[in-house]
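Since the structure of chain A is already known, use the hints to place chain B on it.
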Amino acid sequence: MSSKPQDVEALLAQKYRHGFITDIESDSLPPGLDEGVVAAISRKKHEPQFLLDWRLKAFRHWQTMQEPTWAHVHYKPIDYQDISYYSAPRAPANAPKSLDEVDPKLLATYAKLGIPLHERARLAGVAVDAVFDSVSVATTFKEKLGKAGVIFCSFSDAVRDHPQLIERYLGTVVPPGDNFFAALNSAVFSDGSFVYVPPGVRCPMELSTYFRINAAKTGQFERTLIIAAEGASVSYLEGCTAPMRDENQLHAAVVELVALDNAQIKYSTVQNWYPGDENGLGGIYNFVTKRGECRGRDSKISWTQVETGSAITWKYPSCILKGDNSIGEFYSVAVANNYQQADTGTKMIHIGRNTKSTIVSKGISAGHAENTYRGLVKILPSAAGARNFTQCDSLLMGPTCAAHTFPYMEVKNPTATVEHEASTSKIGEDQLFYCLQRGISAEDAVNMIVSGFCKVVFKELPMEFAVEAQNLLSVSLEGAVG
Amino acid sequence: MILLKITDLSARVAGKDILKGVNLEVRAGEVHAIMGPNGSGKSTLAQVLAGREDYEVTGGSVTFEGRDLLALPAEERARTGLFLGFQYPVEIPGVNNVYLLKAALNAKRKAAGEPEVDAYEFLTLIRQKMKFMHMSESFLTRGVNEGFSGGEKKRNEVLQMLVLEPKLAILDETDSGLDIDALKVVSAGVNSLRSPERAVVLVTHYQRLLDYIVPDQA
Numbered sequence: 001m002s003s004k005p006q007d008v009e010a011l012l013a014q015k016y017r018h019g020f021i022t023d024i025e026s027d028s029l030p031p032g033l034d035e036g037v038v039a040a041i042s043r044k045k046h047e048p049q050f051l052l053d054w055r056l057k058a059f060r061h062w063q064t065m066q067e068p069t070w071a072h073v074h075y076k077p078i079d080y081q082d083i084s085y086y087s088a089p090r091a092p093a094n095a096p097k098s099l100d101e102v103d104p105k106l107l108a109t110y111a112k113l114g115i116p117l118h119e120r121a122r123l124a125g126v127a128v129d130a131v132f133d134s135v136s137v138a139t140t141f142k143e144k145l146g147k148a149g150v151i152f153c154s155f156s157d158a159v160r161d162h163p164q165l166i167e168r169y170l171g172t173v174v175p176p177g178d179n180f181f182a183a184l185n186s187a188v189f190s191d192g193s194f195v196y197v198p199p200g201v202r203c204p205m206e207l208s209t210y211f212r213i214n215a216a217k218t219g220q221f222e223r224t225l226i227i228a229a230e231g232a233s234v235s236y237l238e239g240c241t242a243p244m245r246d247e248n249q250l251h252a253a254v255v256e257l258v259a260l261d262n263a264q265i266k267y268s269t270v271q272n273w274y275p276g277d278e279n280g281l282g283g284i285y286n287f288v289t290k291r292g293e294c295r296g297r298d299s300k301i302s303w304t305q306v307e308t309g310s311a312i313t314w315k316y317p318s319c320i321l322k323g324d325n326s327i328g329e330f331y332s333v334a335v336a337n338n339y340q341q342a343d344t345g346t347k348m349i350h351i352g353r354n355t356k357s358t359i360v361s362k363g364i365s366a367g368h369a370e371n372t373y374r375g376l377v378k379i380l381p382s383a384a385g386a387r388n389f390t391q392c393d394s395l396l397m398g399p400t401c402a403a404h405t406f407p408y409m410e411v412k413n414p415t416a417t418v419e420h421e422a423s424t425s426k427i428g429e430d431q432l433f434y435c436l437q438r439g440i441s442a443e444d445a446v447n448m449i450v451s452g453f454c455k456v457v458f459k460e461l462p463m464e465f466a467v468e469a470q471n472l473l474s475v476s477l478e479g480a481v482g
Numbered sequence: 001m002i003l004l005k006i007t008d009l010s011a012r013v014a015g016k017d018i019l020k021g022v023n024l025e026v027r028a029g030e031v032h033a034i035m036g037p038n039g040s041g042k043s044t045l046a047q048v049l050a051g052r053e054d055y056e057v058t059g060g061s062v063t064f065e066g067r068d069l070l071a072l073p074a075e076e077r078a079r080t081g082l083f084l085g086f087q088y089p090v091e092i093p094g095v096n097n098v099y100l101l102k103a104a105l106n107a108k109r110k111a112a113g114e115p116e117v118d119a120y121e122f123l124t125l126i127r128q129k130m131k132f133m134h135m136s137e138s139f140l141t142r143g144v145n146e147g148f149s150g151g152e153k154k155r156n157e158v159l160q161m162l163v164l165e166p167k168l169a170i171l172d173e174t175d176s177g178l179d180i181d182a183l184k185v186v187s188a189g190v191n192s193l194r195s196p197e198r199a200v201v202l203v204t205h206y207q208r209l210l211d212y213i214v215p216d217q218a
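These protein sequence lines map, in sequence, to chains A and B.
Going by my numbering, the final residue of the first sequence carries number 482, and the count climbs one at a time with no gaps.
Going by my numbering, the final residue of the second sequence carries number 218, and the count climbs one at a time with no gaps.
Next comes chain A alone, as it looks inside the complex (with noise of 0.2 Å):
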């Protein structure tokens, strides 16, 4: 491994450089959460009267809740009166002033992933300004997507300058009540990003490389909301290869997205938070609520994760095919090393007529992580001809690691033409013997086989990502053979 664990819990112990957003002052509420702290958040951010009944309606739902144990997963009670809801930009203490004082194990890593080089300072926290003009770059996409009528930018900035767009959209795909931890970011998420593609524009770029100079400010309660109207499409990619600088234990985000009719919109995740060291002491709980909305007919909402990060992992991208002929696809990639537990998978929920959904979930498990697939398909009686195709499959390396799959269907139109597929392996000692006889290094054979694996995924992955998530892929299983 290239980077020890050690160094990097070492990293995150250092002060976190980057606040949330810009204007805001420089104090932060004390740990604690009551309708004050709720009331403090929204005022600090200058919220409209609408967005504050609305956090706070979200929180007293959110205390008459449960947080949910029907997960496979296992980790000490979280709580929730000892985090702060409001953190402004700290003092850089200890943050390095240039990648001469980086640990050169980190960019060791960050060289492997393939992250280029002006980007590699500003995730390993060196002061960015110091290093390159990210301000100038931004400015010429925003120039460019604002010509084409695009709106991207910060949600509270869409707070500021769209309030009509956030009230009519937001919380129309993911209630504010929905589920634990989607009431308790819709009572208090800090910030996060907004997507308007007005009818029928073609985002003229993918959203990603933009996305990656202000991944920075990605923060512990996030909150996308994207919508693309009549017959336009947009592709999204959320996160970044390199393992961040994160010092939140507790991330739970809510990403909703509107397709209308003939709208497209492409979300692709690349997570790889801190997933805790070898003991499986430390890792980034992610509790996170994704869902799309095929609210049009012929509209498509394509989800791809590629999720090799976090102790915890607690998500399932989903699609509700509202419209008639609407598509919802889901292809991930879910990889638990050491302690990792991921319980990952998604819903389509069939109501419109002729409806499609697509899964295809490739689970790797290797150390002794616990790996699930927990997927719903539901056909509603009123969605007639609707047809799913499921394929999971499972690759467990060595003998300690599991994997589980718990596949729910529900099918109320005889119509409906539902499939479903499923498969465990072991990587094969039979095929790394084969590979090793022909002269394969076993490291090479291991990122061979772990690749043909999860090839039709990275298939769906925008081109630049689908090498860097391999690199990654190859990164997280270091040492898991051989």
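If you want the footprint, here are the derived chain B segments under chain A, 3+ residues with CB under 8 Å: (1) 46 to 52; (2) 107 to 118.
Taking lysine-lysine and the DSS-like style, the derived pairs with C-alpha atoms no more than 25 Å apart in a straight line are: (3) Lys426/A / Lys153/B; (4) Lys153/B / Lys167/B; (5) Lys20/B / Lys5/B; (6) Lys378/A / Lys412/A; (7) Lys184/B / Lys129/B; (8) Lys455/A / Lys153/B.
Taking beta-carbon pairs under 7 Å as the criterion, some of the chain A residues facing chain B (in silico): (9) Gln431; (10) Phe433; (11) Tyr434; (12) Leu436; (13) Gln437; (14) Arg438; (15) Gly439; (16) Ile440; (17) Ile449; (18) Gly452; (19) Phe453; (20) Lys455.
Hints listed in this document are in silico derivations from the structure and should not be mistaken for laboratory results.
From the three backbone atoms N, C-alpha and C, an ideal C-beta is built for every residue, glycine too.
Positioned in the frame of chain A, the structure of chain B alone reads:
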């Protein structure tokens, strides 16, 4: 020149002694055939020579070009020119057949201090060998042994052998499960590799293979 020298080799698998004092000398330029009934340890010998870890060597020695073969890990044995044609070639889904072979060739070249082949060079080489083995172009795009018939898998093994040009090829029942036409093609492949510097060890059940590949010693 003695290429392979096996002296009093004993080995066990899962606590069971399978090889009990095997002796064999293979000189460059020779073709040997090892015949015998099921369970007589032919495949075990092949696997032990190739360096499979779950086969425990309990006694004896093996030298390959004078070097202690048993001291080398499997991948280094392969890189120094030992090739095993598997009895049951394994499927590796999603991994391109040609990609694996190119990686194998380059690993060998790298170990020998030679430059890696580029994609164009390699494609030319493999097209030529595939033609010789009567294999269709579709082998270029398929996964390693993925969905191959028994006969296709064996042809693929011989194709790999022709590309890697080993000094010593051990073919473990490469002839079993082949119809007569496939047997001729596979035999032609093996015969084309015969040269004064190389040697082949055939492990087989059937006399019929030896009608096509005439061994020096059986």
